[in-house]
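Here the protein sequences line up with chains A and B, keeping their order. Letter 108 of the first sequence, counting from 1, is numbered 108 in our numbering, and no numbers are missing. Letter 229 of the second sequence, counting from 1, is numbered 676 in our numbering, and no numbers are missing.
FYI, nobody ran anything at the bench for these hints, they're computed from the structure. We put the CB at the ideal spot given by N, CA and C, even for glycine. Keep in mind that the hints are not guaranteed to be accurate.
Said to hold, decoys possible - Keeping only pairs whose Cα atoms sit at most 25 Å apart, straight-line, the calculated SDA-like set for lysine to any residue is:
no., chain 1, residue 1, chain 2, residue 2
1, A, Lys169, B, Pro502
2, A, Lys2, B, Leu725
3, A, Lys437, B, Lys739
4, B, Lys739, A, Glu444
5, B, Lys739, A, Lys2
6, B, Lys739, A, Arg422
7, A, Lys2, B, Gly700
8, B, Lys606, A, Pro438
9, A, Lys437, B, Met448
10, A, Lys437, B, Val673
11, B, Lys739, A, Gly442
12, A, Lys437, B, Trp747
13, A, Lys437, B, Lys606
14, B, Lys739, A, Glu388
15, A, Lys2, B, Phe710
16, B, Lys606, A, Arg422
17, B, Lys739, A, Leu445
18, B, Lys606, A, Gly442
19, B, Lys474, B, Met448
20, A, Lys202, B, Phe710
21, B, Lys739, A, Cys403
22, B, Lys606, B, Lys739
23, B, Lys606, A, Glu377
24, A, Lys202, B, Ile703
25, A, Lys437, B, Phe483
26, B, Lys739, A, Glu82
27, B, Lys739, A, Lys62
28, A, Lys437, B, Ile703
29, A, Lys437, B, Lys474
30, B, Lys739, A, Gly376
Claimed, not checked - From chain B, some residues computed to sit far from chain A (all C-beta separations above 12 Å):
no., residue
31, Pro502
32, Arg511
33, Pro520
34, Glu588
35, Pro594
36, Val687
37, Gly740
38, Arg745
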Amino acid sequence: MKPVVIVGAGPAGIRAAQTLLHHGVIPCMVDESLRGGGQIYRRQPANFRRSARQLYGFEAHKAEAVHRTMDELAPLIDYRPETLVWNAEDGRLDMLSDGRADSLEYSKVIVATGATDRILPVPGWTLPGVYSLGAAQIALKYQGCAIGERVAFCGSGPLLYLVAYQYAKAGANVVAVLDSAPFSAQCRALPALLGQPTTLAKGVYYRAWLAAHGIPVHQGATLTQIDGEQRVSAIRWGESALECDAVAFAHALRSETQLADLLGCEFVWNALNRAWLPQRDAAGRSSIDSVYLAGDGAGIMGADAAQMAGERAALAVLEDLGIAIDQRRSVVLEQQLAGIQRFRHGLETAFPFPEQWARQAPDELILCRCEEVSVGEVRAVVDQGHWELNRVKAHCRVGMGRCQGRMCGLAAAEIVAERSGRGIENVGRLRGQAPIKPLPFGVELEP
Amino acid sequence: MIEAEVIVLGGGIVGASAALMLARKGKRVVLVERDFCGSHSSGVNYGGVRRQGRPLHQLPLSQRAHQLWADLPALIGIDGEYVRSGHLKLARSQADLEALHRYADSVRGFGLGLQLLDYAELRARFAWVGDVAVGASLCPEDGHANPRLVSPAFARAAKQSGAQVFEQAEVTWIEHDGRLFQVHCANGLRLQAPWLLNCAGAWAGTVAAQFGESVPITSAHPAMLVTEPLPVVMNVSTGVEGGGIYARQVARGNCILGGGRGFALGPRQARPGQAAVLEILRNAGELYPFLKGAQAIRTWSGTEGYLPDHEPVIGPSSTTPGLLHGFGFAGAGFQLGPAVGEALAEIVCNGASRQPIEAFSICRFQA
Ligand SMILES: Cc1cc2nc3c(=O)[nH]c(=O)nc-3n(C[C@H](O)[C@H](O)[C@H](O)COP(=O)(O)OP(=O)(O)OC[C@H]3O[C@@H](n4cnc5c(N)ncnc54)[C@H](O)[C@@H]3O)c2cc1C
Ligand SMILES: Cc1cc2nc3c(=O)[nH]c(=O)nc-3n(C[C@H](O)[C@H](O)[C@H](O)COP(=O)(O)OP(=O)(O)OC[C@H]3O[C@@H](n4cnc5c(N)ncnc54)[C@H](O)[C@@H]3O)c2cc1C
């Protein structure tokens, strides 16, 4: 029989695998990274020996649990680490592993591909020493090194305080945290946030900890410029400037949706995520019969929700395969996910998208770093009458480079929407095509 | 209801060229396009602007197109990254090389200026070509251009010359009362004119069938891919005798490769397919060894119309006065497009095209 395949070994994928196995279905799990764990619980190389407490802080016990589960699962399932799914076609996933191409037929596939940072470029963002928040965190978790001696954290979203805290805790010199969200927004969000007291407590704790340790936290402070010649030397916001040698920045996260796109899933506009997302029901069923969606790859909800959604999607798979499941469990999971969704609304109020970014971005700002396309070039194409994102791309190469718009696509859409006077939901979305990540010439075929 | 002298259905390079030429001749012309002008075959093709390899009866049109391409900025206002780099057709066997010789003999009268290169000459002039090539034929004045920029620019130029251009307007129904065409679009737009040009690309068969002249047109989907920018080594566009992987390199350094066929995702969308993509990635190295270690960053395809004889349909309808066809270019209409548009405009204005087009008559499918 064709296997049930899970793509992504983050919290969502791992929990899905565990659930399937528990019901007697042995899944195949494909993951691009070397060791399972996904983004939040990214594991250090096998020869590194830092404690979970050092690496994951509050989340240590959760991280340990996820890793333990992964280690227990690995020998029991068809686990394929370091394997990229680069295409989906005709009931098969096309994969690349160590320079070899292979394909895998599936009966059902659970897409749990996770998220990456959402980047809104500012002048100077391509200087050495500038990282996304996620990359800064990976440097710390994975390699055990900081991105600089004097690091500034900028942007918005819960990760901002978390990563700043983790850096400070690890002994790095955090010179400032710039949060583009005003404090008033966070007060307004309080009612919705109170629905998840522990998560809220953590957020409050991180901020309080930073303040108590003398780290300046500026709210309503929008990074406008990163200075430097060979490397970052300072940041600027409003009338202020501050010296530093590294910057980590991002405005929340964006879902990795290319695989869902190649699988043919219907996409719908999601105002909360300010993104096009694959459509799914409360159980994680997509618009395509054999395709299920779980975790941040189908909309940002965080690691706890990713686990619940992974379990819920696995139960849906089992149900659709005619295997008996505990219906009550499904109901509980859906209720819990709905609760987290309310909390997400609160977070969006607390860390609102900086709507003024597109208006304020200067013409000279490089938007697409792969193809070196500036904001002004994109505006010029819009001024010729184009407003659809793929058309704009065809005319000025924005999103046409190595990252295929993963880094710049959302920012480009914001510029196009602002300039054309259309709503962000009315400028289309970049068409997905294989490969999901670059493919080498000379690849060999698995016999 | 918009009244005009000519309605052009389809905003690819063929329809947009026709609209441009007609507008320049002072005709009241309307161009209607279902999606965006130049967003189908015309905007996603490989970008080869080549005469070499075409069957003889296409060469008069192709030569005329060559003249039109020569002054692209005057025609459409941009250079469209068009370069006359030369087109090098590679032979992988002596038999293929002999075929190239025979072709060169047969087109001698047309002025393509073909140069035949043996193994040593090929290495001396194009050291980057892989060892499997035993010789080649060079057409020095052929070249390549950026279809994403060129094809939409034809529609823009038509508009600037006075044509009315409607995008996002799908023609769903056409009536003809013996004198005038009434064209209905899905968005409510209605047009009327005594002339209708069917330039609907792979979808043109539906239009022809409405007028009682069905053609055996099918769609196919050439597979394309592009690499990350690489050091510039290719100074010509290349192809292979007998078919295979073709490649060119743009000024920014990206190599564009084509070969094999993909599949339709729906009536308007296509994908290159993993089989064709892997085939290119595995086999390009023997012809283009410098690609070793390079990476492909994107793949794509398009929807192109093919008739069984791989020749287009160009010229008057056999059933309906005022209806002209120009479609079915079998993967080679980008270069021809401007000359086909001009030929259709000439029929409207002067009753006949200056270039011979009889071989492309729709009558050939009527038993
Ligand atoms: C850099 C970063 C750091 C984060 N840190 C925190 C944090 O500290 N605290 C917190 O609460 N939240 C954090 N988040 C959010 C958190 O990652 C998510 O909520 C959670 O990890 C989601 O789990 P998931 O299973 O959906 O996806 P992920 O954990 O992202 O796992 C997805 C997996 O899929 C794999 N994958 C994706 N595409 C393919 C493909 N085509 N082929 C093969 N494999 C593929 C990836 O390699 C990855 O292993 C972070 C997010 C990011 C991007
Ligand atoms: C991948 C690929 C590579 C190629 N490489 C080359 C090459 O290197 N060199 C070369 O010379 N040629 C090449 N070709 C072929 C070339 O691109 C085409 O022959 C040429 O573009 C055809 O132009 P067209 O205007 O007839 O068709 P199209 O560009 O397809 O335009 C037809 C238009 O009609 C519109 N339309 C259809 N139905 C309706 C309707 N009912 N109402 C309104 N509008 C409608 C469509 O939306 C479309 O925009 C290639 C083709 C492909 C797909």
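Notebook entry, point to check: Failing hints, ascending?
Noted result: 1, 5, 6, 7, 8, 9, 13, 14, 18, 20, 22, 24, 25, 27, 29, 30, 35, 37, 38
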